[in-house]
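**Student:** So the sequences go chain by chain: R and A. Read left to right, the first sequence gives residues 1 to 759 (my numbering). Read left to right, the second sequence gives residues 1 to 376 (my numbering).
You can trust all of the hints, since none of them are fake.
With the C-beta cut set under 10 Å, the calculated list includes, among others, these residues of chain R facing chain A:
#1 Gln57
#2 Pro61
#3 Gln62
#4 Asn63
#5 Ser64
#6 Pro129
#7 Leu131
#8 Gly133
#9 Phe139
Quick list of the computed label-pair ranges, beta carbon to beta carbon:
#10 A:Arg56 with R:Ala561: 46 to 52 Å
#11 A:Ser277 with R:Glu31: 43 to 49 Å
#12 R:Thr363 with A:Gly213: 27 to 33 Å
#13 A:Arg56 with R:Arg92: 32 to 38 Å
#14 A:Glu302 with R:Trp119: 43 to 49 Å
#15 R:Ala327 with A:Gly328: 57 to 63 Å
#16 A:Gly213 with R:Arg577: 31 to 37 Å
#17 R:Glu31 with A:Gln325: 29 to 35 Å
#18 A:Met1 with R:Ser486: 52 to 58 Å
#19 A:Gly328 with R:Trp119: 33 to 39 Å
#20 A:Arg56 with R:Leu124: 29 to 35 Å
#21 R:Glu463 with A:Met1: 51 to 57 Å
#22 R:Arg92 with A:Gln325: 19 to 25 Å
Calculated cross-link-like contacts (lysine to any residue; reagent style SDA-like; alpha-carbon spacing at most 25 Å):
#23 A:Lys344 with A:Pro301
#24 R:Lys175 with R:Val288
#25 R:Lys334 with R:Gly307
#26 A:Lys344 with R:Glu72
#27 R:Lys621 with R:Gly675
#28 A:Lys280 with R:Asn63
#29 R:Lys185 with R:Asp435
#30 R:Lys621 with R:Thr748
#31 A:Lys271 with A:Asp308
#32 R:Lys175 with R:Arg264
#33 R:Lys621 with R:Asp661
#34 A:Lys344 with R:Arg73
#35 A:Lys344 with R:Glu69
#36 A:Lys280 with A:Ile236
#37 R:Lys648 with R:Ala484
#38 A:Lys344 with A:Gly79
#39 A:Lys344 with R:Thr70
#40 A:Lys344 with R:Asn137
Hint data in this document are derived by calculation from the structure and do not stem from the laboratory. Glycine included, every Cβ here is placed at the ideal spot set by N, Cα and C.
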Amino acid sequence: MIEAWLTGFARGVAAAELRSTEACAFVRYLERYGEGVGRVVETREGEHSSLAVFDLQTGRPQNSAVEIETVERIGIEFPHDALGMPMVRPLRANFPVTGHQHLSLPDRPPAICIDERAWSEARLTWGPPDLLGYILNWFRRAAEGELHDTAQPIDPNLITSGVRILVPRRLLDRKDREPLIGLTKGDGGDLEIIGVEDVREGGVLGGMFSPLLVTVPPEAMTRLRFAPGTLSDLADFLAERGVDLPALLAEAFLAALDTSPLYRKPLVDGGLLVLVQMSITSGGATNVQTIAFLADRSLGQVAVDLGVAHACEPDPKNPELVNVVRAIGATPLKASVLAGARLLPCDVHLAMDRIAASRFAGTPAQDARRVVLVGAGAIGSHLATCLAREGRYLWTIIDPDVISPHNVARHVAGHTAVFRNKAEVLAEHLSDILDECDVATAIPYDVTSSDEGHDAIDAVLAEADLIIDATASLAAARYLSDHASSARRLSAFFNPAGTAVVVLAEPADRSVTLRDLEAQFLQNVARTASLEGHYGTESDRIAYSGGCGAVTSVFPQSRVAVLSGSAAIGIAQAAEREVGDIRVWSMSIGGAVDCHAYVPTVPTEVEIGGWTVSLDAIVLKRIVALRASALPDETGGVLTGMVDIPAKRLHVLHAASPPADSVHAPAGFVRGTDGVEAHLDRVRDRTMSQVRYLGEWHSHPDGSGTRPSAVDLEQLDWLSATLGMEELPGLMTIIGGYSITIAFGPHTATIPLPHGKTA
Amino acid sequence: MPATITFHPLGNADCAVFQLADARLAVFDFADVRNPEDNTDRRCDLDAELRSALRRAGQGRVAVLCITHIDDDHCHGIGDTFRLDHRASYPGENRIGVDELWVPAAAILETGLKDDAALVQREAMHRLRQGRGVRIFSRPDPLRPHLLGRGINIDGKRHLFVDAGTCVPGFSLDEAEGCEFFVHSPFASKQTDGSYIDRNANSIVLQAVFREGARDSRVLLASDVTHEALGDIVGISEANNNAHRLEWDLLKLPHHCSYLSIGPERGAGDKATVPTSKTKRLFENYRADNAVIVSTSKPIPEAGTKEDRDVQPPHRQAANYHRSQGRGVSFRVTMEDPSVARPKPFAYKFTALGVAPALAAPDAAARTARSNPRAG
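Bound-form chain R, shown alone:
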């Protein structure tokens, strides 16, 4: 075959005389510089291309993965038309079948695919050293076994008819063998395969095709090397792999006759499309590849060719009737009768489903955990879109609001969605991303409501694997934190100025709740330099309708997109780990983003007088240390933290050091005032009043226990009066050598220290 092919090129044409200037340049380069890599054997001239034949040093290592030789004879076909791609053809009859070879016509040597770029791109920087370098690189990869990548498509995308076929993976995988149908898609030149059950009532308009799915049993790396030009060629190829194509075609024809009249005609008279599904096995991994061929005739005509049907005249009164009838009792003839049925190779595109989405996003495995997203506003809609495009999660979206015109400024929805429910709009948007039926559902009610939608919401929260709060509402986040569901909670929200986004993630065991995370995040805002401006600046505000609450802030979509993307990363990563996370991304005016992460700690929680008091681990550690450093004297200071008055919850986040003017003694402590006001003002300002003064702490020396002394009780009265102004009980914390006592109005609770006396 190689010799026959070579005779199509005239011999004895000098290199300088070749019509292709690229061929001249390449031969000149090899002769002048490339002698150690390739030795020119001859140059030839063909009708459409110039041919340079040379012996290539392949660089083959001793243990090559494929049977290439140390020296291989190579012919490069340079088309006379410079826009045509040079084809690199090994000129050895038994050159091995590898990956990265073009699907070649049977009458010519195979061609190796040395460059994955489109030739229109590659030619811009093309030069002889590049061409030689790419060829060497192909042989290096072949020798190292890198071409045996099961992810590589069987048929390279460079030599097909250009017809694209969209195929949902689920149709290829399904077992029921319901008929498939092909419809034109896009501008009419491309096809889409659907199941007949998806054919709309009343049928479809436009051209229809009759797909036949053929599954080739798994085999080890026997790729299709030559594109079959006819149904007969394809039948031969399949016969070698144990598949009887004529029988399958006859069977498909009979099945098509038996289908519902709704799609009988397209299945019999529509163009035949053969989809070949092959499992390629290499190194223990199996990858299924699908290739497709469009025939120049219908399944009915093929059945006539095979002798299992007779053609009949079309009935003009009944255009719905098919134009062939079954030949009773006939068996299909040999495949050679199909030699006249020409095939057009097509590009198969698998539809974007969850598996594909995960693969393109590089996520380790498809993640179909059930996620309830509460809040379908700016951040919720963007982060759900990011995560759904990465193939993540089955979504239930809860939001009672409708889209207002001003929402469109930073939402995935557009103008036409105005006044529609946000949850429903987002669920539709997410469902449209993937070719899956279960991407998202909506519940258009308030998550905290006690009437409408309550049962449905409780049911989905109970069933959920993850609950993501994107409400930007403290009340909703706390409601979700306290809900009976055992699902892990996460929360994402922007700061008011739109310069930062925060992700809070509970650990998988929920030992730290969303409430605790919120408190610890705020404590970081109050204390750490990197978050100093988190609540510091406010953006301009704009009224969007009449009411005085109807204001929104200036917050451009570009920032929403970046920060929501960061939040999506944070949520996805946190959801893949067991530990909890507090993470803040802050963006500069110029667009640079900083990320700060804080490790959540498990607080100590006590019930006192109908209140729940949480003491952060860091507070405990700090007062133990401050006490030890002051011994034998007492010491103390002010406490700050968060309150939730309706929920009767109090979270102590910080114990300040003693002011400089305090008086310390072994039997008493008088807390000074130096700097106290400034400290409390700063904490309040930095946290938008969310962290506040809560009470006092002081230490008792060794041997004194932690019961409030007479002096302490007096102070407690004072505290109760002071904090009572704000409907809060006075909080006093006494630290001793072995325990901590929390006095809360008239109530006390004592917590033993974990390791007894801590110095």
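For chain R, the structure is supplied; the task is to place chain A on it using the hints.
**Tutor:** Here is chain A on its own, set in the frame of chain R:
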């Protein structure tokens, strides 16, 4: 980066340069024999090649200079290229420093040496005196009287001696350099008599092993030894459970493809030299599949030519023997590659898949990176 070996077209003369996995260079023999006055001389400018290799490897000196024996075709011109410590006042700051000089005991024992061979001897003696930067391939004791006579007491310098049957200290398969050098020859027993020295039998013969990933590639560097010496090496290694030290993936042929390194009879006409039972085992049984044989020699003569009748190697019958081996063997000749008209250095790399030719498509960037263009 996998280690590489580069061979140079030097006629019937030797120089193989290893670049180790840690980028250091080890030079095995160095015969810069090209005549710069003669522009028809096709042999390469070895000094320039070595400097270029150092530059590409980012190295200022060579880690090892091994002179396998002190014939001129193995050490010609070393005084011009390398900085020799024994002549500190000699001008030539630009010469290349040598961390370790490796020589056989014969290089110490021989007397009446001239030219470059004398330089090698003086440098080895100087370094031995200093107690560093040299390895003498011998057992120390047979050299004791000879060295004492020259004022060198070897006590305290025994670590500078490397005996056959061991690996050269300082190189490990598991460290960054990823290589080791097993010494086959010279045998210490051979130099007891200093009055007559057969240089080739007292040559350094090594098995160099290079590890890349899970693969060890073995290179046999056979200096100029004869079939008798090779037979001894095979016999001793087999007797000492060191048969695996005879295995090779790449062989530098001994003595420029001489029949005497295969067997006693050259063979007539188009015949192949017949090996002895021991050299047959070495060249055939201990050879890996798809192995490489490199003849550091002039082109293999055509039948009937004057060169074909010459007693000097290369011998066509010896080449016939090596070429006929099958199992994917490659046979390359330094003065024939890529062409007799324009021989160039060539290299192999020691990859995780074994020995592979090191190839690159020559391009302008690589060219400019290897040259020092000047403008006036």
